[in-house]
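The task is simple: from the sequences and hints, build the whole structure.
Below, each chain spelled out in residue letters.
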Amino acid sequence: MASYRQLAKKNFSQPDEVEFTPFTFAAEGPKDSENLGKPGCGGCHPGGGMMELDRDGLRYDKRLIKSPALAESLDGDYYKSKWDKTGVVEVDCFICHLPGYDYKNRVKQLKFLNFKWATVAGSGIGQVMGFVKDGVVPRVEYNKRFFNEDGRVSLPMPRKPSYENCMLCHRSIDTAKRGTTWADPENPDVHHLAGLTCINCHPGGLDHQIAKGDENANHVRDDLDNTMRTCEDCHTQGYMGATVMKHLTIRTDHLEWIACQTCHIPNLHRARIESMVVVSGPAIKFTETLAAEIGARVDAKPAYERLEHRTREKDRGKIYPVNRAIPTYYTNLDADGIHYPLFISEVTKALDSIRHELKVNEKSKIIEIYSEKDMKLMLLSLSETLKGDKRFKQVKPFYHKGWSVHYLDENRNLKSKKDETWVGASHSYSISHNVAPVTQALGYGGCVDCHARNSQIFYGNVLTDVFGQDGRPVYASSGAILGYSPLTMKMQNLFGVSLTIMPLIVTMVLCLIFCLALHYTIVGAGSLKFLDDPDAIQEFSQAERTTHILRMATIMFLVFTGHLLYFSKSGLLGVFSSFYRQTHHFIGIAGVFVLVVAAAYFYMWIRGPRFGLYEQKWQTKFVDFLMTKRAEDIPARRRLISPGRHKGWFWLIVITGLITGSTGLTLVVKKMVPLGLVFFLSSLHAFSAIIFGTVMFIHAYYVMVSPWGWRLWRSSVGGRKKRGEAKE
Amino acid sequence: MRLTLHSRKDAMQKLKSSVEIFRRYGIGWLWVAAFFLLCFTSVAAAGPCPPFYLKTDDGKIINPMSGDNADQPYSTRQTCGSCHPYEKIREGYHFDMGWKDARDNFIKDKPWFLTLGMTGGF
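In order, the protein sequence lines correspond to chains Y and E. Each residue of the first sequence is one higher than the last, beginning at 1 in the numbering used here. Each residue of the second sequence is one higher than the last, beginning at 1 in the numbering used here.
No lab work stands behind these hints: they were computed from the structure. It is possible that some hints are incorrect.
What the hints assert, rightly or not - DSBU-like, lysine-lysine: derived pairs with alpha carbons at most 30 Å apart:
#1 Y:Lys10 with E:Lys108
#2 Y:Lys301 with Y:Lys671
#3 Y:Lys31 with Y:Lys85
#4 Y:Lys212 with E:Lys88
#5 Y:Lys80 with E:Lys108
#6 E:Lys60 with Y:Lys66
#7 Y:Lys104 with E:Lys88
#8 E:Lys108 with Y:Lys418
#9 Y:Lys10 with E:Lys88
#10 E:Lys100 with Y:Lys66
#11 Y:Lys349 with E:Lys108
#12 E:Lys100 with Y:Lys104
#13 Y:Lys418 with E:Lys110
#14 E:Lys60 with Y:Lys133
#15 E:Lys60 with Y:Lys62
#16 E:Lys110 with Y:Lys417
#17 Y:Lys246 with Y:Lys314
#18 Y:Lys82 with E:Lys88
#19 Y:Lys80 with E:Lys110
#20 Y:Lys349 with E:Lys110
#21 E:Lys60 with Y:Lys104
#22 E:Lys100 with Y:Lys82
In structure tokens form, the structure reads like this:
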């Protein structure tokens, strides 16, 4: 997808089949004085190829001089051409290799059919007088200050082109397609600011096959894709002083499905083409800022897509920043079942016959066709216009708009359906420049840069229809474009909320720890008298005590590493971040296994924690104490650790442990789980783990440092408790 | 200073040694020098172009100082192609844009595509 024009075939049978030819390609572009310097096709195509040779590999001018009848034939290379007078456009070496090249003058010469004189005017070596368009043979007046006495020209032509020369063509076209370009003050790229130039990353050799990346929308010479220096080439080796990437605060698995550009190009500051609109005659390059022109300063952000057709396998399916130039134009469904795009001349002709019945948008200055009445009117007019068109065997016009297609049925009633033709496929341009400083990259501010409720990558507005039912542009969320369901988006929202409030919860837990530590400081340590007591009886076996210690150590490790991973602070662990992630998974699986085995083996744990009448009596007393503050029925130590309380803690641990364990086990294999469920489980896992960890900490506090804890410590570590306590 | 017999013999010996060294290694050194000279000239040739003649489409020299063909446009194929491989350069994808492979019905289900180059299409 590159243009809204169609090149004539080499051999065609009807003049109706011709929209433009290589000859008109070279001279394409507006010719009014205001836009004379704006390039058509030939301006940026630097000669050679279709501007020099026909499809038989012969020079147009020499062949047409020998066979003038070709200009009257149905040969797409020569149809109505004047190659014999204009000459051909040879490879213009000076566009790239001559600083100060006068690009606008070249464009002007091409538009006025001075093909072989264009390089003379562009280089500035000479002035060109007269235009072939006016029926004269142009004359050259060379500027003698460039010439030595012997007649040799002396020019400062560097072997390596400067970026200024590249930008002669790439500035306008890249801005239009992508909303950014190189050396753009509104879109400062850190590499440009660091002094790099185009050929540092896109080197070329004598064969002039300039190293290229992997543009999504264009596929010329895909065999040369990824011959340029990639981000990894420099940022893993430190080439030319490049910063060696660490991504310590980014989850490592994110790097597997998100391209570098996605995070490092967060903004676009130029209005770009968001839709090629061919609905009212000439193609309109629609941009969301209709009041401004393409390239105007705007505050915009990229859209995002998973690009499946990457040349390198490892890049396929990754999320990339793109500009989606959505299609808004007409096709005709011919008898062979193919939707043929209509020529602009055909659309204009159909429109002219009904123009008086349509309204012009005051803001956009174009006729916007979106109401059912106007769509039907235009489709009927196209049907009439195409009736005599010999390039079709069947006339059935379709209007493609907003990924829907509108057409007339047999009874001439307007019908609409989802666009499943080739027009409905993605037309997205890759965005690879305007790399921001690292402090502006997504993820530098933490996970919330993307997972917050207002993040661009999930909730940004992406244009889906230039004219909705009310004539206004229609937008969808970026997440919807990425294929996420409404449920997934809601779960992502929940995940974003959890990320936002989790620091608050952690702060509260830290405050709790502080308060407990303060309590310990004031009250003092409990007795650690767990010496063997002849009066004690066995409560916990050796196996129970050992697994208890293992469980506690496991939980402590999981809480520690889980906290680091959840808040993407794995960077604190440096090169061990990946190790800790894997270890968290492994220990988590092992921990769940130990819990299950322990629960199954020590059935007493199932029987013991049931609330009996005894515990219920004390809990009733305690609740009564809380409500009435009458303390006579409840001793002071029972207010904090009454019978049944520890069973309550136990069940809380069991429940939160089960939730944390089961969600954690699922998240270990999250690649097999729908994304929405992953978001939900991540949030649930974090919440339950926080509760789980907090309860475990309180449990440990009671046992280890509370004034009454020595008894528990004695039984859990020594396995024995006093006969009296057991009786009680 | 008058040379003694001993010193003359010594000098002759040194001269013979030098001749012998050159005879033995000189040709090799010449090859090495030639190699470096070639490298130097190659690098020099890769720098900015030295002064050159502009040439017309049929290869005639344009000399504005003498007036020869001074009203004719130059041809890059003739001018730049005198030193550089124009035909090879023309195959660079910026110039060719897939034109070498262009043909009718290039893509069967999109017959209006004649090439993958950005030379028209939807």
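Here's how the hints hold up against the structure:
1. Distance check on the hinted pair: Lys10 of chain Y and Lys108 of chain E sit about 16 Å apart at the alpha-carbon level, within 30 Å; holds.
2. Between Lys301 of chain Y and Lys671 of chain Y the alpha-carbon distance is near 28 Å, which keeps this suggested pair within the 30 Å criterion.
3. For the given pair, Lys31 of chain Y sits about 20 Å from Lys85 of chain Y by alpha-carbon distance, which is consistent with the 30 Å threshold.
4. As the CA atoms of Lys212 of chain Y and Lys88 of chain E are separated by approximately 18 Å, the hinted pair is consistent with the 30 Å bound.
5. With a C-alpha separation of about 27 Å, the suggested pair Lys80 of chain Y and Lys108 of chain E falls inside the 30 Å cut-off, and the hint holds.
6. A distance of roughly 21 Å separates the Cα atoms of Lys60 of chain E and Lys66 of chain Y; the hinted pair therefore holds under the 30 Å criterion.
7. Restraint check for Lys104 of chain Y and Lys88 of chain E: satisfied, since their Cα atoms lie roughly 28 Å apart, inside the 30 Å limit.
8. Under the criterion of a C-alpha separation no larger than 30 Å, the hint pairing Lys108 of chain E with Lys418 of chain Y is consistent with the structure, at around 24 Å.
9. In summary, the hint linking Lys10 of chain Y to Lys88 of chain E is supported, as the alpha carbons are separated by about 25 Å, within the 30 Å threshold.
10. For the proposed pair Lys100 of chain E and Lys66 of chain Y, the alpha carbon gap of about 23 Å is at most 30 Å, so the pair holds.
11. The suggested pairing of Lys349 of chain Y with Lys108 of chain E holds, with an alpha-carbon distance near 28 Å, which does not exceed 30 Å.
12. Between Lys100 of chain E and Lys104 of chain Y the CA atoms are separated by roughly 28 Å; this keeps the pair inside 30 Å, and the hint holds.
13. Straight-line distance between C-alpha atoms of Lys418 of chain Y and Lys110 of chain E comes to about 20 Å, which keeps the hinted pair within the 30 Å bound.
14. Restraint check for Lys60 of chain E and Lys133 of chain Y: satisfied, since their Cα atoms lie roughly 26 Å apart, inside the 30 Å limit.
15. For the given pair, Lys60 of chain E sits about 17 Å from Lys62 of chain Y by alpha-carbon distance, which is consistent with the 30 Å threshold.
16. A threshold of 30 Å between alpha carbons decides the hint, and for Lys110 of chain E with Lys417 of chain Y the separation of about 22 Å falls inside it, so the pair holds.
17. The hinted pair formed by Lys246 of chain Y and Lys314 of chain Y meets the criterion: a straight-line CA distance of about 20 Å does not exceed 30 Å.
18. With a CA separation close to 27 Å, the supplied pair Lys82 of chain Y and Lys88 of chain E stays within the 30 Å bound.
19. Between the alpha carbons of Lys80 of chain Y and Lys110 of chain E the distance comes to roughly 25 Å, so the proposed pair stays at or under 30 Å and holds.
20. Between Lys349 of chain Y and Lys110 of chain E the alpha-carbon distance is near 24 Å, which keeps this suggested pair within the 30 Å criterion.
21. Distance check on the hinted pair: Lys60 of chain E and Lys104 of chain Y sit about 28 Å apart at the alpha-carbon level, within 30 Å; holds.
22. Distance hint between Lys100 of chain E and Lys82 of chain Y is fulfilled; the C-alpha atoms sit about 22 Å from each other, no more than 30 Å.
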